[in-house]
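Counting in this note's numbering, the sequence shown runs from 1 upward without gaps.
Quick caveat, the hints were computed from the structure, so don't treat them as lab data. We put the CB at the ideal spot given by N, CA and C, even for glycine. Do not take every clue at face value.
To be verified - Pairwise CB distance ranges, derived in the manner of DEER restraints:
hint, residue 1, residue 2, range
1, D35, I275, 42 to 48 angstroms
2, T269, P5, 16 to 22 angstroms
3, A211, D127, 37 to 43 angstroms
4, E122, Q202, 28 to 34 angstroms
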Amino acid sequence: MARKPKKLLNNPNAVPSEQLEGLLYACRGKLLKVDGYSGVYRNDIRNDQVVVVTGGGSGHEPMFAGYVGKGLADAAALGEIFASPSPDIIIETTKAAEKGKGVLFVYGNYAGDNMNFDIAAELLEEDGIQVKTVRVTDDISAAPISKMSDRRGVAGDMYVLKIAGAAVESGYDLEQVYEATKKANFNTRTIGVALGACSIPQTGKFNFELADDELELGMGIHGEPGVRRQKMTTADEINGEMVDRLCDDIELQSGDKVCVTINNLGGSTYTELLIAYRKVYQELTARNIQIHDVLIGPYCTSQEMAGYSITIFRLDDELQKLYDMPCDSFAWRK
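Work the whole structure out from these sequences, hints included.
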């Protein structure tokens, strides 16, 4: 008999709204819900600031709403599980948050998100709201470096949002926020490894099959095909290859300074994450790469998918200054 997903839920169709309700309760008034739409925004947006709006499908918690807070995103538009928010949701979320100083959209590079955010941007511009867009493209498995604009956005979203939010807090205007955010995206790289499948609650089925003795290097956060599928191996072997691929892609040089995230895709243990970071630390140190900060935990998940991703975010002086600024959201406080 085929194995079926097992989740402790109420009505599977109510999962996005119920988890969002729980998040709002947990944030204790710091987040406000957009009336009639699945969007949230900060309760303390300044009247003189650019507004950063993010969003995407539910099912990747704490991404995206978990990164709405001071020094990060100002609002998030949310779709159904693994589905883009509609243009209406994006528009109403943006209008609830914007302050007349312009809006920056920051979201993962997926066809549905691109289409719906572009439609929303066009309609908002017609209403006199200036919008610029940065699509996050950190997943090195999705396309070669020569086609970086075709890459998916995954856990690297968090670094790009961090820089965007810090730029806003620093008083940057829309063009300056856009340029800093675009630079952050260019300096962010991620690769993942999957050990087990994810599922959409409404279907009651896994999105793909992965044998108990197999892993898939480079699989996307919705189950998109990766670099290759292979038999299980040691942690050091696969983590070493992941670091090699990241360093080669971003062309890290001796003396470079980076931040590192080991991101739980949903079903892995801290034991595995810490063993992964052990190898990442050893490999980067051997290359004389300075690790400025490290984050280990569930930052961009894929339901119950077993596995994790490794993200490297390269810093220059401006990016380090912005990264080191405080932030305060459900998923990230510093």
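Status of each hint after checking the structure:
no.: 1; hint: D35 x I275: 42 to 48 angstroms; in the structure: holds (46 angstroms)
no.: 2; hint: T269 x P5: 16 to 22 angstroms; in the structure: holds (19 angstroms)
no.: 3; hint: A211 x D127: 37 to 43 angstroms; in the structure: violated (52 angstroms)
no.: 4; hint: E122 x Q202: 28 to 34 angstroms; in the structure: holds (31 angstroms)
When held up to the earlier numbered hints, the structure conflicts with hint 3 and nothing else.
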